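*Asks:* Here are the chains, one letter per residue:
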Amino acid sequence: MTKYIEKNSQQLFLMIVIVIIGAFLTIKSEYFLTPSNLINIADSCGYRLIMAVGMTFIMASGVMDLSAGSTVSLAGVIIAWMLHAGAGIPLSVVAGLLTGVTAGALNGLLIHYTKISFFIITLAMSGMLRGISLIITGGRPITRFGAAFMTIGTGRLAGIQISVWIAVILTLAAAVILNCTKWGSYIKTLGSNPEALRKCGIGTAGYRISVQAVMGLAAAITAVIITARLNSAEPNAGMDMELDAITAVAMGGTPITGGKACISGTMLAVIILGIIRNGLTLMSISSDYQQWITGFLLLISVLVSGIRIKNTRQNTQEKENE
Amino acid sequence: METETPLLIINNIYKSFGHVQALRGASFSAPRGKVTAIVGDNGSGKSTLAKIISGCLKPDSGEITINGRTYPSLTNHQAIYEGNIGTVYQDLALDNLKNAYENIFLGREDIHFGVFLNRKKMKEKAAALFQALAIDIPDMELPVGSMSGGQRQAIAIARAIDMDRQILIFDEPTSAMGMKETQHTMDLFQRLKDEGRTILLISHNLFQVFDIADRIAVLDKGRFVDTFSTAESSPQKLHDRIVKKEMELEQ
Amino acid sequence: MKKLLSILLAAVLAMSLLVGCSGTGSNSSTEDTDEAQTTETEETSSSVVDQMLADVEAEMDSQLGEVPEKSAGEKVGILISSTSNEFWATMKTRYEEAAADADLDIEVYEASAEDDAEGQLDALNTMVSMDFDVIILSPINGTNLIPGIVAANEKDIKVINLGPGVDEAALEEAGGHLDAKITVNFEDQGKMVAEDIVERLDGEGQVAILEGLAGAAQSEGRVKGAEDVFAQNEGIEVVASQDCNWDTDTAYEATRDIMTANPDVKAIFACNDNLALAAVQALTELGNSDVLVYGVDYTSDAKAAIEDGTMMGSMTYSSAIYTKAAISMAMNLAQGGSYDEPLYLPLTLVTQDNVADMDGWK
Chain S
1 MTKYIEKNSQ QLFLMIVIVI IGAFLTIKSE YFLTPSNLIN IADSCGYRLI MAVGMTFIMA
61 SGVMDLSAGS TVSLAGVIIA WMLHAGAGIP LSVVAGLLTG VTAGALNGLL IHYTKISFFI
121 ITLAMSGMLR GISLIITGGR PITRFGAAFM TIGTGRLAGI QISVWIAVIL TLAAAVILNC
181 TKWGSYIKTL GSNPEALRKC GIGTAGYRIS VQAVMGLAAA ITAVIITARL NSAEPNAGMD
241 MELDAITAVA MGGTPITGGK ACISGTMLAV IILGIIRNGL TLMSISSDYQ QWITGFLLLI
301 SVLVSGIRIK NTRQNTQEKE NE
Chain B
1 METETPLLII NNIYKSFGHV QALRGASFSA PRGKVTAIVG DNGSGKSTLA KIISGCLKPD
61 SGEITINGRT YPSLTNHQAI YEGNIGTVYQ DLALDNLKNA YENIFLGRED IHFGVFLNRK
121 KMKEKAAALF QALAIDIPDM ELPVGSMSGG QRQAIAIARA IDMDRQILIF DEPTSAMGMK
181 ETQHTMDLFQ RLKDEGRTIL LISHNLFQVF DIADRIAVLD KGRFVDTFST AESSPQKLHD
241 RIVKKEMELE Q
Chain H
1 MKKLLSILLA AVLAMSLLVG CSGTGSNSST EDTDEAQTTE TEETSSSVVD QMLADVEAEM
61 DSQLGEVPEK SAGEKVGILI SSTSNEFWAT MKTRYEEAAA DADLDIEVYE ASAEDDAEGQ
121 LDALNTMVSM DFDVIILSPI NGTNLIPGIV AANEKDIKVI NLGPGVDEAA LEEAGGHLDA
181 KITVNFEDQG KMVAEDIVER LDGEGQVAIL EGLAGAAQSE GRVKGAEDVF AQNEGIEVVA
241 SQDCNWDTDT AYEATRDIMT ANPDVKAIFA CNDNLALAAV QALTELGNSD VLVYGVDYTS
301 DAKAAIEDGT MMGSMTYSSA IYTKAAISMA MNLAQGGSYD EPLYLPLTLV TQDNVADMDG
361 WK
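Protein chains in written order, with my numbering: chain S, 1 to 322; chain B, 1 to 251; chain H, 1 to 362.
These aren't lab readings, by the way, just hints derived from the structure by calculation.
Pairwise CB distance ranges, derived in the manner of DEER restraints: (1) B:G68 with S:N179: 41 to 47 Å; (2) S:G295 with B:T75: 43 to 49 Å; (3) S:F296 with B:H19: 50 to 56 Å; (4) B:S234 with S:N179: 53 to 59 Å; (5) H:S289 with S:I300: 55 to 61 Å; (6) H:D228 with S:G138: 17 to 23 Å.
Here are a few chain B residues that face chain S, going by a calculated C-beta distance under 7 Å: (7) N76; (8) H77; (9) Y89; (10) A93; (11) D95; (12) G107; (13) E109; (14) F116; (15) L117.
Calculated from the model, a selection of chain B residues having no Cβ within reach of chain S, i.e. all distances over 10 Å: (16) T5; (17) P6; (18) M186; (19) T230.
Note that the structure is a prediction, hence the values are computed from the model and not measured. Cβ coordinates follow ideal geometry from the N, Cα and C atoms, glycine included.
Assemble the whole structure, with the sequences as input and the hints as a guide.
*Replies:* Given below as structure tokens:
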């Protein structure tokens, strides 16, 4: 039992935070604990969860992607452009997804072969991708794709937006992939000790490129949902979305140095951020506070996971001294 | 027996890093079933040589022959799966966040249903391996990062010798160990030697390797300068000869 | 003074005719103009402003028609862009003042940043799940709030669009509608500046335009309004119209380039005050103080520049009357009223001639 708590301390911490914030908001606002508001929260978390799940993969592999938000923008613009060119929904969506996968794979290629910090690579890519969006659109949003396409963003299944169902399915799939497959296992070692992979005869290029492509795919799925939801694709869509995702992943307990992935933590963190956003709106408190609260929670949760890592290290040293 | 072709031959290997010449025409052979120690001072090129044999580095020129097959260079994968070489690296090459059996099977996992890791099977096989090697790992689910240096080393060794690797390379195996752990590792070497494996032991500690090695090859400034049989020498004699050689060279 | 007022009010009249508001509105404006022209008494600056505000309000009221003065207990939610922009911070204060005057219960919501289109939609969705009678919203872009508006329509919450427009064709496609709309006509902003330029140059001379951002409705509207007026005057030649991406450095460089290539340029219309001030900076460094520089927004920096004579003028409007009108519309809608046509806020051009009288403008 203690072992279980120790192992899942991050998730427990996040659940306690949810309960505390939830209780506070229930007292403060009569609208918080209503079915329609809870559905609202779920709706607003859907695509953010998809982004954060993608980011969990690459943070487990020791990398952050600062170009993910720009990838959302470009994939959205490509989808919009294809739809307006009359390519039809399936083809347009596939083109958008391929855009994301390509952008991600390119990130992976550059990170692997240039040995330059992922920080610089993805920052440069971010500028380039958003630049392409701006060039294609001339800075103007592309709007109106018809009711059928909008269904992807606003349609509901059992009262909950389709995007939320997609997010849930992808989250479950991600948990299985990260915990139960060879690929997921190598992705994590890519974060904690890529040299160990190589020394065990495993080429790392394919894993680096494919995991970045997964992030690109997640960004592109987000782009499909946002474009359909807003019925428009704009070059500055997805701005700073990568930072929200990184915040959620770090808060969820995936170490920023990689090696481990905590999908359930990511999911709980996305829910917390969603509840905070919703709660501040319900209480009509300036969103300036949201930044503060988010920063504060991030700090606390990183401290919680940091203390755990420190304890582990101390144990190691004690054993070595024996 | 003496006429038998050596299992591993390296021929005229050159390797430089920028302006630094690490290896300048190193040639060497490791006979089957013997423990060969490669000794030399810091900067003599021992580690570079170990990395070239295990496939981590690509030599500038020269060739490597394993069991009659010649390569201009090896990848890690070729070294392990074609050359049948198991290496215990100085840094152990373990994923500290993975547990013992995940590290043992890194790169050759048991898979079921086509995609899923068969943890149960790997755990069983690892337990059997540890038992056979008299290695004590109390918690198979614990990340190796939270284990002692000796346990971590034992896991790295177990991984290297699993699957009946013909050639084992140990790069500075006891450099970061206490006395008790060093003794345990030395016992393990003895058993591997008794099993008839071909072992390359990279070390800077002449006295330590003397007990275990059959032959000692001395590497100096990127070249092999001497090879002895331990039966015909003593640590003190060997030490004197190396120091003398260095003094001659300096003059 | 008299001349200025008449120009102003004539412009208001011209605008109200252009946007095709109700006939009575135009008539009342005309009367106001006549009245102002016949007023000979010297006025103090605050009473000038009060008069201007009163005129604007009268014009606004004529568009609004019959509206309730006081709240009947409605709940009104207001969604703005983000108070990180000074303009919206002011609007929030004005909303709260207007609501207090009407004893109305309001809550003001916002996105976390001016470009947080998704966050603004989340806020709207949350507002829809609360029991507001009316929501007044100012979207970050033309389409980001559409799903939320559709949801509000389904719950019979009246929706008023203030300021930046919702793409109504896209909204209709999604099965939603707006119940009312109040906005500023960007084209008229450009038009009024251009008319002032034409008059001051006596219809002769080269002019240049510093555009805001390609695709931004404010910028494109202002540029089109100005270009239309310039095109109607044969003596006026637009020698350059350059996109500055709302960036002051770009505007500075552009001004230097334009003046080097066309030393005879007599007036520059910049799509906002920041660009205009950058142009002033460039002109000062070039030693040229004869060019008439105009901006839009009437920021505090622009006000200072107009006062010390480096800028000629800036477009403004009354945020107090803007929000008051929106609040009145909200109460009217809640009490069964309706608006078939969009309402346009009267605009005001502040120049070197009247800037001294503008204290107290809100």
